[in-house]
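Here is how the chains run, residue by residue.
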Amino acid sequence: MTEKLISIEAIAKRYPAPGGGQTAVFENLWLGINRGEFVCMIGHSGCGKTTVLNILAGLDAPSEGVVIVDNQAIDGPALDRAVIFQSHALLPWRSVLGNVAYAVGARHKDWSKARIKEHAEKFIDLVGLKGSEYKKPSELSGGMKQRVGIARALSLEPKMLLMDEPFSALDALTRGTLQDEVRGICLNTGQTVFMITHDVDEAIYLADKIVLMTNGPEAQIAEIVENPLPKDRERNQIHKHADYYAIRNHLIDFLVSRSRTFKDEMKGKPWDPMNVPLVRPVSETPSAPEPMRKRA
Amino acid sequence: MTIQKANAMTLSFRAAVVSILILVLFLGSWHLATSGTGTVQQMDPEYAKLMGLTATQGKSAMPGPLQVGATLWKHITNPFYDNGPNDKGLGIQLAYSIGRVVLGYLLAVIVAIPLGFLIGMSQLMSRALDPFIQVLKPISPLAWMPLALYTIKDSNYSAIFVIFICSVWPMLINTAFGVASVRKEWLNVARTLEVGAFKRAFTVILPAAAPTILTGMRISIGIAWLVIVAAEMLVGGTGIGYFVWNEWNNLSITNVINAILVIGIVGMILDQLLARAAKLVTYPE
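These protein sequence lines are chains F and V, in that order.
The first sequence runs contiguously to residue 302 in my numbering.
The second sequence runs contiguously to residue 589 in my numbering.
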């Protein structure tokens, strides 16, 4: 389980600055992702989260550095790294089945039409869209569209699933259901996932590790937070866990202030971007802490 | 739903009634305006025979709707007669015109759509070809006619060339625009699925840009049909444009009006065909 599937090595992304010279979104970024791990990246807008994901997907190239997947440096998009887009990105002239089958057909060029259809239907079924196979995306709700996007990515049976804020455009109720389903599917299949979010609760519920990015430009990975909650956590139970508030407060502290002040925090201290600190926030008292309550 | 539908029904019904009223009003006033008797001059009966009804009975030179209707019926019942080069049925003339338009138009499709793809996909080609398009586009297609006649040396092919050159621009520009504005995320989907460039063009870019391309094609067919009449007046021989000019030389205003009517109807049919095709490729987002 600890075998490294993905290794991001010293990547940088720079853009030409308006006044000449270059602005670096991030420099010298290192990150490893193990097989079967669910990794979330959290940070404010502009820290380059999406750029990191696009580089992983092969849609964008780093200005420097490499990404190694399964011991091979990537040089573009590949079917073994499936992307679930924030805006679902379904082809509107194709039906649900057509969209998923398009991906299946791209992966298995030698398959017969019947086999492609059967495989696509299996994954449409998996995300709970049986009966909607022949609907066009415009006839589906936002949540259903994203389910199709998920089915399309899963149908590739990729080594790695990349998700760019996949649930951010959905209403809270749909978001919750989809999180449950994605978590279930990924746990069952041992799927390796890299997901971008800025929803702290989503990260706590889904992730094994949470990567914290400081604010851009020149963003860096501040630390990697190991989720102290048990793997078999349940949505409606996690807030009762002893360490829940420890990790939640840690993440919120980071987003509220430390993401901005992190560079000052580290000033003068040794910093090794290859080995950023791995933090495991646990509650200081062994028993479950009383949630803080404010009285008016 | 049913209430809305009922309202829509009554609306289209009422619109039809108003349309018919306008038509009746128009035909009625046309009839009255042309049936009036003007001043009749006293003249030698021999001379009067030469002058015709206009002079002897004060009849209007403009035919009335009944006269036009009667000739139209003759044309409809016998559209394909051929009594030599100067007297062919309306159907034959229309077939020549439609044939030229279809040929020139298809040539334009063959050139404009691939070239539009190239311009839409390549920033370099887009910028490089832009000055040419900007200069060539506003040229009246008939201005090409002498050059076409001189180089092609065939009036029929020259007319087809003129149709080609006038219908190529809207298609080219719309194809380029449609291709250039395909949503990036759809292209990214194709890229992450490792779909090759050729397959991507046909399975993502073409369906995504198809509504815009069809809009260009619809504009083009309209222009082509406008231009063919003028082109055929110039090159002569056959076609509905030639027919109009020939009947003008015959001073048969009745036939000229008939031709105008038929030109309008054929133009509408061509436009509707393209509108149907556009509907087929349009996708709701």
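Derived by calculation from the structure, the hints in this document are not laboratory data.
Honestly, I wouldn't trust all of these hints.
Listed below are the simulated DSSO-like cross-link pairs for lysine-lysine, each with C-alpha atoms no more than 27 Å apart in a straight line [to be verified]:
id	chain 1	residue 1	chain 2	residue 2
1	V	K503	F	K165
2	V	K488	F	K115
3	F	K115	F	K128
Do the hints match the structure? See the list:
A C-alpha spacing of about 24 Å is found between K503 (chain V) and K165 (chain F), which places the hinted pair at or below 27 Å, so the restraint holds. Restraint check for K488 (chain V) and K115 (chain F): the C-alpha separation of about 24 Å stays at or below 27 Å, so the hint holds. For the hint linking K115 (chain F) to K128 (chain F), the alpha-carbon distance of about 18 Å falls within 27 Å, and the restraint holds.
Of the numbered hints stated above, none is contradicted by the structure.
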